[in-house]
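Using the sequences plus the hints, can you model the full thing?
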Amino acid sequence: MRMPLLALLAKEPAHGYELKVQLEQIFGEAYPSPNIGQIYVTLQRLERDGLVCSQDVVQTTRPNKRVYELTEPGREALLRWMDKPSEGPRVRDDFFMKLVLSQLTGTSDRLGLINRQRRHYLGQMRNLSALATATDRRIPRLLIEGAMLHLQADLDWLQRCQEELV
Amino acid sequence: MRAIARWIRADLRVSTGQALAVVAVVAGVVTALLLSAGLLQGATNPWQGLFTATKGAQIWMHLTPGAGASGLRSEVAGIQTVAGPYRATAATLIQPGQRTRVELQAMPPVVPPSDYRPLRTSGRWLESGDVMGVVLESTFAQAVHATVGETLPLYNVDGTVRLRVRVIGLAETSEQGFYPDQTPGLIWVLPSLLHRIEPDLGHTEQLVGLRIANPDATVPAVQEVVAQLGSSAVGTVSTWQQVEQSMARRDPLLGLLLALFGLVALGAAILAIVNVTSGRVLVQHAELGMLQTLGFTPTQVMVMLTAEHAILTGAGVVVGLVAARLLTPLLLGRVPGVSAAAATVPGGWALVILGGTLAAVVLATAVPAWRAGRMWPVAAVRAVPPRGHLSRLATTAMAARMPPAMVLGARAAFVRRITAALTIGGLAIPMLMITIGLGFWATLDDVQQHPADIGLAASLTVAPGTLPLSQVDQLISDDPDVRAAYSGVKAVALAPGPGSTITTLGMGTSDRPYPFPVVQGHLYHAPEEAVATQALLNAFRVKVGQFVRMYFGGVPVIFHIVGRIIDSQYGGEVLAYGRDTLTYEGAPAPIGFYSVVLRPGVRPAAAAARLLRASGNRLDVAVVANPADQLGIVHAALAALIVVLALIALTSLLTASRVGIRDHQRDVQVLRAMGLTPLQVRTAVVVRTTVLALVAVTLGAVVGRASSSSLISIVSQVYGLGAGLGRPASASTIAAAMALAVGGAALAVALTTRSQDRIPATVALGP
Amino acid sequence: MITGGERLLLRAASLTKVFRGDGVPVPAVRSVDLALLPGEFVAVTGPSGSGKSTLLHMLGGLEPPTSGEIWLDGRRVDGLSQARWAVLRRRHIGFVFQFFNLVSNMTVADNVELAALMGGATRKQARARRTELLSELGLTGKADAAPSRLSGGEQQRVALARAMANRPSLLLADEPTGNLDSASSGAVLRLLSRAHAEGQAILLVTHDARVASSADRVISLFDGTIVDDATMPPAHPHLPLPDVLKLRG
Chain A
1 MRMPLLALLA
11 KEPAHGYELK
21 VQLEQIFGEA
31 YPSPNIGQIY
41 VTLQRLERDG
51 LVCSQDVVQT
61 TRPNKRVYEL
71 TEPGREALLR
81 WMDKPSEGPR
91 VRDDFFMKLV
101 LSQLTGTSDR
111 LGLINRQRRH
121 YLGQMRNLSA
131 LATATDRRIP
141 RLLIEGAMLH
151 LQADLDWLQR
161 CQEELV
Chain B
167 MRAIARWIRA
177 DLRVSTGQAL
187 AVVAVVAGVV
197 TALLLSAGLL
207 QGATNPWQGL
217 FTATKGAQIW
227 MHLTPGAGAS
237 GLRSEVAGIQ
247 TVAGPYRATA
257 ATLIQPGQRT
267 RVELQAMPPV
277 VPPSDYRPLR
287 TSGRWLESGD
297 VMGVVLESTF
307 AQAVHATVGE
317 TLPLYNVDGT
327 VRLRVRVIGL
337 AETSEQGFYP
347 DQTPGLIWVL
357 PSLLHRIEPD
367 LGHTEQLVGL
377 RIANPDATVP
387 AVQEVVAQLG
397 SSAVGTVSTW
407 QQVEQSMARR
417 DPLLGLLLAL
427 FGLVALGAAI
437 LAIVNVTSGR
447 VLVQHAELGM
457 LQTLGFTPTQ
467 VMVMLTAEHA
477 ILTGAGVVVG
487 LVAARLLTPL
497 LLGRVPGVSA
507 AAATVPGGWA
517 LVILGGTLAA
527 VVLATAVPAW
537 RAGRMWPVAA
547 VRAVPPRGHL
557 SRLATTAMAA
567 RMPPAMVLGA
577 RAAFVRRITA
587 ALTIGGLAIP
597 MLMITIGLGF
607 WATLDDVQQH
617 PADIGLAASL
627 TVAPGTLPLS
637 QVDQLISDDP
647 DVRAAYSGVK
657 AVALAPGPGS
667 TITTLGMGTS
677 DRPYPFPVVQ
687 GHLYHAPEEA
697 VATQALLNAF
707 RVKVGQFVRM
717 YFGGVPVIFH
727 IVGRIIDSQY
737 GGEVLAYGRD
747 TLTYEGAPAP
757 IGFYSVVLRP
767 GVRPAAAAAR
777 LLRASGNRLD
787 VAVVANPADQ
797 LGIVHAALAA
807 LIVVLALIAL
817 TSLLTASRVG
827 IRDHQRDVQV
837 LRAMGLTPLQ
847 VRTAVVVRTT
857 VLALVAVTLG
867 AVVGRASSSS
877 LISIVSQVYG
887 LGAGLGRPAS
897 ASTIAAAMAL
907 AVGGAALAVA
917 LTTRSQDRIP
927 ATVALGP
Chain C
934 MITGGERLLL
944 RAASLTKVFR
954 GDGVPVPAVR
964 SVDLALLPGE
974 FVAVTGPSGS
984 GKSTLLHMLG
994 GLEPPTSGEI
1004 WLDGRRVDGL
1014 SQARWAVLRR
1024 RHIGFVFQFF
1034 NLVSNMTVAD
1044 NVELAALMGG
1054 ATRKQARARR
1064 TELLSELGLT
1074 GKADAAPSRL
1084 SGGEQQRVAL
1094 ARAMANRPSL
1104 LLADEPTGNL
1114 DSASSGAVLR
1124 LLSRAHAEGQ
1134 AILLVTHDAR
1144 VASSADRVIS
1154 LFDGTIVDDA
1164 TMPPAHPHLP
1174 LPDVLKLRG
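As given, the protein sequences belong to chains A, B and C, one line each in that order.
When the letters of the first sequence are read in order and numbered with this note's numbering, they come out as residues 1 to 166.
When the letters of the second sequence are read in order and numbered with this note's numbering, they come out as residues 167 to 933.
When the letters of the third sequence are read in order and numbered with this note's numbering, they come out as residues 934 to 1182.
Simulated from the structure, these hints should not be mistaken for laboratory data.
Since the model is a prediction, treat every value here as computed from it, not as a measurement.
Backbone N, C-alpha and C fix where the C-beta goes; we use that ideal spot for every residue, glycine too.
Keep in mind that a hint or two might mislead.
Unchecked claim - Away from chain C, derived, C-beta distances all over 10 Å, residues of chain A: (1) K11; (2) P13; (3) S33; (4) C53; (5) E163.
Claimed, not checked - Computed footprint of chain C on chain A; a stretch qualifies when at least three of its residues, placed anywhere within it, have a C-beta under 8 Å from a C-beta of chain C: (6) 66–78; (7) 148–160.
Written out as structure tokens, the structure reads:
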């Protein structure tokens, strides 16, 4: 949640409710509708980490709303996130976010994004291959083979993303 | 059922070319077979057909004018009907350069259906108003080149009466053998015309035909008639056996030839169809597998394929039948000595031929079709060539840097063993037959150019006509074109065995015998020595070196047969001796004619015309017909057969090439990857099939050449011409034929390979 | 990345291929630049329709380019005639396809021997090479079989043997594992790696990530153009594994 919010704020400052609406518009039914409470909590944490700053805006007919804005460290964190290949248990979600939100961040090099991710996956595949040749016990090999199959699937999906979004 | 029909329709639409090829091959073979059978029938047994068609008689006699012929039936036992008596007289026909003896027979215009009447083949029969109309006997008309509508000058024997008669028709008869084997030529006229030519009854004869109850009892019947009428009343007697023998003389050569050809052509066609079918099945493997996947049972697949080919064969059979019907009168009517009337194929034979062809093809289709149905669908889809090896020969050749396309192509030819064998068979047999056919052609050419080899040393036969003999002798020896002249006489002898008369020849003298070609023994050098043809030896059951007794007008003469000769001028049974053997009251028999041998290169017709002119049209000059000249139709028939055979061979070839191409499709890209250009890949395919063609053609030519002379010898031996006649085609002719065949094969295959410069779409299909 | 100055084994410049079918021309490869060093192992990946196979066929002389240059070992080859290309393939190039890699009417071993003979070996040399390659691939038992009798994986191994029988300077392969299960793919990959380790230059087209990742460089092709040319970092079998492998609990 953190990074998508930063990406949205990179375009322009917004308050929590606006961010929720934007998320819904961009991701549609693919993602569960974000909880406004969760958004606020995340925003507060981001502010605490210094990546965003907020301002109260006075409204005449309504209660005051808090407008959030991206800070310089925030921008840098965002760029770092964009440049680093996605990893970890939520790798697909993470990468997909990057890809979809890349235009907002001003680094609209989707192809480069995809290439970087692909290189990362290939590197991992290479490591797995080396590991597989290093061991000749069945069970670890099976596990490694499973990982390889997942990586193949990820790479194929990357191809699809490239076809559709580039 | 409907699905099967639909598949067959679709398949035929796709491979129309192949379907048409099958139809054409079958039609060609059926036509050839039917024509051969017709020819065989018309040639081997023309007498039988004619006898039936003309309501003929088994015995024909020429009686003196006064003999009581009319009373014969009632008074002689065993005689069913008597044909005639018909008045007959000798006459002369004079055409430019030719003067021929003929016999006029007076026939009534209207004949009851049950009576004897010559069989009309062209034009019309005599009608009561035909004052100047005549009907010529067919073979005679052919020999003298007379056609319907022509006007001919007819003279009586003295030359004193001259009539211009018009040929209104041609007919055939069973009374006498074919002209010029049996002379004179027959002309049928109205009694009024005969009377005008020869008013004197004393110079005429009566012709009667006797139909007897028991055909084999000719001898007793003749004896009875002689007893009844007195021997002085009986002139010449001829029996049906003689006529049949005469008619069946050399034409069976032709008929047997074509029958043999037809049978072997059928074999070759079957082989071709087997090739086509199994080839198509091989190529269609994938599709057949798919059909089974769709739900066709193996039986249905087999039924489908067999039905498809049965339909094609049926169509071919029908086309062949129609073609044979159309061609029979056109072709067979022209062959001399073959009765077109008798040349119809008896219904039984036709059914056998047609049924046999159909059955053969169905069987030839059923086996590969059954195998196709039995294959499991996946195996069908994946039909690949069997395992082959890169032989030592091939590796050596490749290591020796021979063109890889040649090496790969040549070895690929023999990977599929059975297919290769069938293809080679399918090409070798036609080549064999073509080679034998070329041998026959060469023999015919030989006979045409060297007539002396078949007993035709003399080109002209000159009879005195109205000139005294001394003048005739003078005229002949004065002529610059004459090389030699041999005096001759025909003497009718009664042969005790067969009980009939044969015409013997006194040719030349014992000091100067006529140069018959002797194949065994030697010519006669003394009186009462004689030579004979094989046919005569067969008839009398004697061999060279033995003796035979004949009666000449009651006087017995014992001949010592010293040699066997070949003759084709005088009819099958020939006995020849020196004229000085026959003596009438101490003097040698009078000269009847001269056989004149011309200098080489002289045209007989020109020499004949000159002699005739020199004699003031008073000599009887006839050009001796070279049977080979009349067999022009044989050249056409041989050419046609060669075309049919080539078509059959081409079918086998194209099938083999199609299989080879399909096998090759899979290999195209790997061969290119290994470093062959597309042209080389295509060349390999062409080489593959060409190698097979080369092997087959060589095999066929070698065997053909080896067997053609023995084949011809056998046939001519059986039919009385004796052995030694056959000559195989020259080596250069055969070599040219082989080159043509192999070159044509290569070209045909090269044209059917499509350009394969790109990686073929087969890459996209599965393995 | 390739830097200038090194002697390249293979170089393609502005290589283009446009297929002119009935009507609309289809550009399969658009102005591709490529370079390969001797002994290098390069993989080309991309979706189907990206022009990978066409590119490979052009580099092997099986398809004429519409425009562009190809240099093989310093020699310009794109304009060569069919005959010259054929000779080139005999001696310097080995080609492996996805299917139909073997001549169907001779045994497996004969296929290998034939390739060696065409490459210029003597009979003895060819025979020796065939025995050597087949035993290296563990196929000596199947040497006498017809190609159709072998499984897909075995056929591809033989195909590799066939392609390497003439000791080519460049091995080109089009989806060599495209048709195979993972076990067979692994076997083929091991062979490729071993050949590469022995100095064989390889350029192959693949969609198999495992095969691609074993190359020195991975080129990504998309819609006829190169979108990425990544040099693979050396493998570290002891790097932390992706999280999926961390067992819970």
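To see whether the hints hold, each was checked on the structure:
1. Non-interface status of A:K11 relative to chain C is upheld: no Cβ of that chain comes within 10 Å, the nearest being about 27 Å off.
2. With 10 Å as the threshold on Cβ separation, the claim that A:P13 sits away from chain C holds: the shortest Cβ distance comes to roughly 35 Å.
3. With a minimum CB-CB distance of about 27 Å to chain C, A:S33 clears the 10 Å threshold, and the non-interface call stands.
4. Consistency note on A:C53: stated as away from chain C, and its beta-carbon is indeed over 10 Å from all of that chain's, at 33 Å minimum.
5. At roughly 6 Å, the least C-beta separation between A:E163 and chain C is not larger than 10 Å, which violates its mark as non-interface.
6. With 0 residues having a beta carbon nearer than 8 Å to a beta carbon of chain C, the region 66–78 of chain A misses the requirement of three or more and the stated coverage is violated.
7. Requiring three or more residues with a Cβ within less than 8 Å of a Cβ of chain C, the coverage given for the region 148–160 of chain A holds, as 8 such residues are present.
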